[in-house]
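**Q** Residue numbers (this note's numbering), protein chains in the order written: chain A, -5 to 316; chain B, -5 to 316; chain C, -5 to 316; chain D, -5 to 316; chain E, -5 to 316; chain F, -5 to 316.
I should point out that these hints are in silico values taken from the structure, not numbers from a laboratory.
Just so you know, these numbers come straight off a predicted model, no measurement behind them.
Idealized CB from N, CA, C, for every residue including glycine.
Keep in mind that a hint or two might mislead.
[Claimed, not checked] Computed footprint of chain D on chain A; a stretch qualifies when at least three of its residues, placed anywhere within it, have a C-beta under 8 Å from a C-beta of chain D:
no.: 1; stretch: 64 to 75
no.: 2; stretch: 131 to 143
no.: 3; stretch: 175 to 181
There are 6 protein chains.
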Amino acid sequence: MMSKIPWQERPKGCTDVVWRYTKNPIIKRDAIPTSNSIFNSAVTPFKDGYAGVFRCDNKAVQMNIFAGFSKDGIHWDIDHEPIHFKEGNTKMISSDYKYDPRVVFIEDRYWITWCNGYHGPTIGVGYTYDFSEFFQCENAFLPFNRNGVLFPQKIDGKYAMLSRPSDNGHTPFGDIYISYSPDMKYWGEHRCVLKVTPFMDSAWQCTKIGAGPIPILTDEGWLMFYHGVINTCNGFRYSMGAAILDQDHPDQVKYRTRPYLLSPQTLYECVGDVPNVVFPCAALHSKKEDKVVIYYGAADTVVGMAFGRLSEIIAFTKENSI
Amino acid sequence: MMSKIPWQERPKGCTDVVWRYTKNPIIKRDAIPTSNSIFNSAVTPFKDGYAGVFRCDNKAVQMNIFAGFSKDGIHWDIDHEPIHFKEGNTKMISSDYKYDPRVVFIEDRYWITWCNGYHGPTIGVGYTYDFSEFFQCENAFLPFNRNGVLFPQKIDGKYAMLSRPSDNGHTPFGDIYISYSPDMKYWGEHRCVLKVTPFMDSAWQCTKIGAGPIPILTDEGWLMFYHGVINTCNGFRYSMGAAILDQDHPDQVKYRTRPYLLSPQTLYECVGDVPNVVFPCAALHSKKEDKVVIYYGAADTVVGMAFGRLSEIIAFTKENSI
Amino acid sequence: MMSKIPWQERPKGCTDVVWRYTKNPIIKRDAIPTSNSIFNSAVTPFKDGYAGVFRCDNKAVQMNIFAGFSKDGIHWDIDHEPIHFKEGNTKMISSDYKYDPRVVFIEDRYWITWCNGYHGPTIGVGYTYDFSEFFQCENAFLPFNRNGVLFPQKIDGKYAMLSRPSDNGHTPFGDIYISYSPDMKYWGEHRCVLKVTPFMDSAWQCTKIGAGPIPILTDEGWLMFYHGVINTCNGFRYSMGAAILDQDHPDQVKYRTRPYLLSPQTLYECVGDVPNVVFPCAALHSKKEDKVVIYYGAADTVVGMAFGRLSEIIAFTKENSI
Amino acid sequence: MMSKIPWQERPKGCTDVVWRYTKNPIIKRDAIPTSNSIFNSAVTPFKDGYAGVFRCDNKAVQMNIFAGFSKDGIHWDIDHEPIHFKEGNTKMISSDYKYDPRVVFIEDRYWITWCNGYHGPTIGVGYTYDFSEFFQCENAFLPFNRNGVLFPQKIDGKYAMLSRPSDNGHTPFGDIYISYSPDMKYWGEHRCVLKVTPFMDSAWQCTKIGAGPIPILTDEGWLMFYHGVINTCNGFRYSMGAAILDQDHPDQVKYRTRPYLLSPQTLYECVGDVPNVVFPCAALHSKKEDKVVIYYGAADTVVGMAFGRLSEIIAFTKENSI
Amino acid sequence: MMSKIPWQERPKGCTDVVWRYTKNPIIKRDAIPTSNSIFNSAVTPFKDGYAGVFRCDNKAVQMNIFAGFSKDGIHWDIDHEPIHFKEGNTKMISSDYKYDPRVVFIEDRYWITWCNGYHGPTIGVGYTYDFSEFFQCENAFLPFNRNGVLFPQKIDGKYAMLSRPSDNGHTPFGDIYISYSPDMKYWGEHRCVLKVTPFMDSAWQCTKIGAGPIPILTDEGWLMFYHGVINTCNGFRYSMGAAILDQDHPDQVKYRTRPYLLSPQTLYECVGDVPNVVFPCAALHSKKEDKVVIYYGAADTVVGMAFGRLSEIIAFTKENSI
Amino acid sequence: MMSKIPWQERPKGCTDVVWRYTKNPIIKRDAIPTSNSIFNSAVTPFKDGYAGVFRCDNKAVQMNIFAGFSKDGIHWDIDHEPIHFKEGNTKMISSDYKYDPRVVFIEDRYWITWCNGYHGPTIGVGYTYDFSEFFQCENAFLPFNRNGVLFPQKIDGKYAMLSRPSDNGHTPFGDIYISYSPDMKYWGEHRCVLKVTPFMDSAWQCTKIGAGPIPILTDEGWLMFYHGVINTCNGFRYSMGAAILDQDHPDQVKYRTRPYLLSPQTLYECVGDVPNVVFPCAALHSKKEDKVVIYYGAADTVVGMAFGRLSEIIAFTKENSI
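Build the full structure now, drawing on both the sequences and the hints.
**A** Structure (structure tokens):
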């Protein structure tokens, strides 16, 4: 039986289409003994509760990913040791670092993607059946790439992945592409999906953008939350928006929010290791209940939750599309 | 009859020449439904109260200017639609964006200047008689320019405008110039007024500077508040100082504060979309009452007020001049 | 009586629309005792021969402009002292440096424009009746500007000037604008004329562009030669192209060469103080003879000449327009 | 019957392992009417002579690739129109630009790779049977990539390609990778092959490197010529070295030259559109005669040839390996 | 009699090896009338209490150092005038600015080092017997250098100083060196001590590092606290670590913390003139009581204290060494 | 008996104060078998001829210094192996690289200084009695430093050295300092000597400067040749000027040439591994004959000679002083 997704109704007087959990942050920076910060993390329904993959930077500021479990999606037990991968479809499973994971169930297993350090950042791929034993596969792409996000089902018989090719530094540019694979090993048919916007059209997403949670299939197409970045005179500010992609041809963008849905405004989003960051990596949803909860990293330091109604978000995206 | 300007006495124990309003910010980031942030805005006496022109960035972080009205100068009603301009002395009234307005009454109408997007930032010019119908004129200058501030009366029979020519990016340099016009259409006689200071003389204003509110004519000359910027290892920090310019030849600087008058120190000035910004754009004053209230943008997010005695500010500027 | 313009027929086998003088460079770097280099210079018919204004950098690499005279337009006597200006329509005639002059006769006098150092580069303006006594006027614009080029006659009753606003460094960007003045003192009605091209359309002019010689009025409109710059991995390369502007509305571009007309290919253009520079600043033409000779700086070191047929250049520009 | 490869014996007194053709450049910048420059080009045996694919930048400095033919490998007839591609294994055959081609015969056809403009540089792939009809395939990789070079035979049943992922600018960094494909459409198994060297070990290849001609299978393994770049205070300098890769596992480097084999020293290599560039893209060899001739772009302007003995180059690479 | 060092026990539930004083900051930004900020300052036992040298930037953001005194090491009286230096072993005692002082007693006097502005930052040296009369000596090194920290006793008969040579800007790199002097005037025998770490080993110290308080001699060697910097996409973040240097050969590093000991996490460390800075400059310790108190600048705005047990810190450094 | 210094009279018609040897370059890039380039080198009278220390970069572009000998100062035999140093006043004689040597005889031996790679560039020091056996001493300074040049005699009983502290990259800034040592081991009393000039005063030396040959004691003081650099839009251009320093207080500059004495103008100075470089490192002189010959590196590729009359150079420096 499916577990109940975390939920809190919209506060009175609030007219925002997406609103924050009042008890944010749900995961604090020191939730495990070694952690300097826990943020940009992924969750998925698992058994009668939830499982997740968490980015925990340790106090040497080394980046790795950790498994975690929760009954209610709010209170989490995170392993104290990082995930250990065995060989999946390759023997080449080295990683200089791992960060910003995503998780999705496809057909028979849970697939995990993350930013994998292999001569620079690229897209790491792995899977598990039980969140106990993990297998690492071929990196999907050449460096330099980040924010690899799988679709939750095959499209035209092939796996499909969003990613954000860019450079190997602090990345002052980057658009979202889609690529396909018949076998989770060889990738091709690369197409540009979503580009940064002109500064004047929508400045919060004019510097770089990257896919966030696993896209959600709706009647309108794929609902994709993503982060957008503006380069201010005091550094990058990360906000969140949404786009709707064609169901069968997801390189075709049907709608895309001109305004952001969520931007750094609270103290835990504005003050931390990297100020002014809202970075979504996962979402749970119930179409029946018309609910979605988005998990996002805040200030590269902690994890927060935000809520919304699927129908309202879709309507908002259509009405406020560029 | 002239309205009473907003006022709050200096707090006990405070020795600063300029002090903050205790209920800051007076305008919050979400004061109108579409706004992401409201800051760097201008006010002027109007009828039996006040009118203003407000920079409201929307949730797409598009920049535009909006009219607003207030009885007391503290509580403001801001229009929900941006100002719509009709053709003034030109048919070329396109604007890629508008931000950082100033307002001043000269002779028979209220003139508005702002940073206008026309192949890059330059100085937009417009006017209104009633804050209801607005007319846009020729841009004053070629790009790339910002912080155009008119004097409140003609000087030697000509309109006079301060501005800060620089580049089309995040502007790592910039000094204040003055220019003249016989007709608000053609501009010339450009003169340098105030340059950045050497780092060792006064570091808070060593990177770039720009005029703030409309200059105030005093017995000592034109009192000009301005912002100054220092480039720290974590980005730009914006503070406020004052200068006194010769009444008849305002390109001649008589005095200029070595220390700042106000720098980012409160949470609403240090935390926001752009941390550590104090950016004055308007001031109301009463010579009779020896009062001035300065309106300033804080952290590129909200509007605050600060108070001072004209006589004390002038004395301070003279005594602490570089 | 008009003097004969310098001329050399197209070499056999050459199919280029513009070809070089075989005895280039016509002015060597040490043509006057103090000069390190003589380049980017302007000439005009004068009396029964020619006069010119020459950029001569001295051996301290200080930049100034010098008058010179020639009977045939090829052999030049350049004054050993720089031009001394008297006060024209202003008392403010200071110059930190002067470089890259242009010269044009309008109505009753010869107007000279140049890049004038006044708190950074801007457009200096002066005039002479006789190339013996010179008068300096108000700078046309605020800094930061270069390549100010006047039209040879008023347009709609006003003086018209092309210029290239940009920044105060080595200028990694810049487009051509037009501005108007009723009186050579106050300038306005700024319009964008010609922008850099997308890299893929015409890469030699994709980084920055600037007007060159005085535009030539033809049956098709104003023929404007200009320089375009590409940023290679070994620095900037300057080439020359042509555009045709509408006669009455010169901010309207009718045609513009996709290919360059001349690029650095000879040893004196590729080797020198700044390698790979072809920089046109003047042209003499005879419509009757269907001839034009272009004077250009080569490698920021010497002056060269290139020839062409007006009719062929116009046809080429139309046929190869972007 | 195989044609005789171009050859010239080592000059007397010369002790270099690679020496230049005395009649260089063999292809001048204006070898076809529209060309600004012809360089970085590829050749291959074809019928009783040779065919090639040439990078010809036109006078708008637009980059495209052209077919050409030669009886002797020295004198070339290059088509005046760029290659027109039909749809190969994809309908998405757009190209913003094409440059730096390589050509290789595998199994039944000639494969061509080049730097293909698709939202930035990436690796374009095409094929021909006859150098008359050409077919374009899926791009091999996501942007941003350059210098895609195929191996001349399948390795472990798969196509193998070297490439140099990097950024979308002038590319201040870059190493050589290898990737595999079962079908020339989907690519994976990306491995790092060769990295830049520490400045102190071998400075000419310390900034970035990229594969050059098609690798040559020798008894020692794959002989790969490549270019290396040093960032001097006057820009990039491109030289050529060699490496030997393991035959079956070409991501394993057996030897690599510490010294360069060829660096810019002649006038046609040091002076041109981009000074100081030696950029090899093709080689013809005869194992029986122990000869190799390398075709290289010089100064981004012309094509030169250099000769060597295979046995000597291999011995030199082994003896001077890092 | 030695005064009691300031102390506060580790909070309940806290497992950190270093913990903050609960009443931080102990010195606020406006502790003297002219100060904009007071941070990065040094203290030392003096008479029956403590003396210190404080970095107080004034409201013109000019940097200078001031003497101060305290009975308990927590409550400080700071002079309102900066330290006035007389001539020590040189007549050349000019300073464009002074900042980031350290203080240490050696043999017969208190030595002070600081970052001294002499054609750029270098290491200023001075001494006092009584914190009333001060003498300035020769700068220890040529520019460009910062964070000069003396050892508290001669080593092998010579004075020994740590420093961090780098450039004259915001310093994107820097390692710790040691130098020796027979006479506090001439310096030599420069050796590299501690370098930044690879990003993947310990990212908080991967950009630049600099010595903090005077090293403390322990049974394991010299205990050196130092700051380390990571370059985030929103600027530099400064944290604190520890290293243990060989007693007789302090250029030999025995241990060094992979994790930080203290990083910016509180509001007064994360919000201020320069966000996210923890910068230690002094420490008091009692071996008998096994206590150390570290004084550190927070956010370039205020001074804080942190406590630890010497034995625990040494054990932690050994157990968590890179 | 002193050998005759190389000499060639001023060419007819030449009015330059310094003129080139007509047979330049005297040392070609391939003068020894392993060399890629030989430039920036030092010579000194030795026995009945001359000895020298030469910068020879090998074909891996590794930098090292080599001894060489000549009868006439023009034709040189350079050793094929780099100088091997034994331990002088230190055991720490490691060098990552060595380049840009200077040589001078003081009291009883020949001292050599060079740019020594020790965690970045700093000043290496060594000596020899016979140019056969060499001894390496302590580095004079901390990194980052270049162009260390000793005075040929003690000043006030101490060794004196000029140097140019800067950063560890391509060094966009740098002034000349002087430092003193009682023992060639410990250095102090650092003073600024000569700074770059404002662009408008003398642009060829406005970016960075560095001492060249050993200073020559004249009746006017120390004659110091130095290089100056301008940052053009195509990279750095290196020229040569002269200054005269006070004999007893060489940090006091008496005169300094506003114009350059020599700038890159010939093909071997303008074309090579680094175009547009004239870099003097040594000079031989005869006061009796009123002659000086300057050895300089050209284009970072070869060595050239230039001649002058001491009396004329001194007069020129005085008459053309800034």
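**Q** Could you check the structure against the hints above and give me the numbers of any it violates, in ascending order?
**A** Per hint list: single violation, 1.
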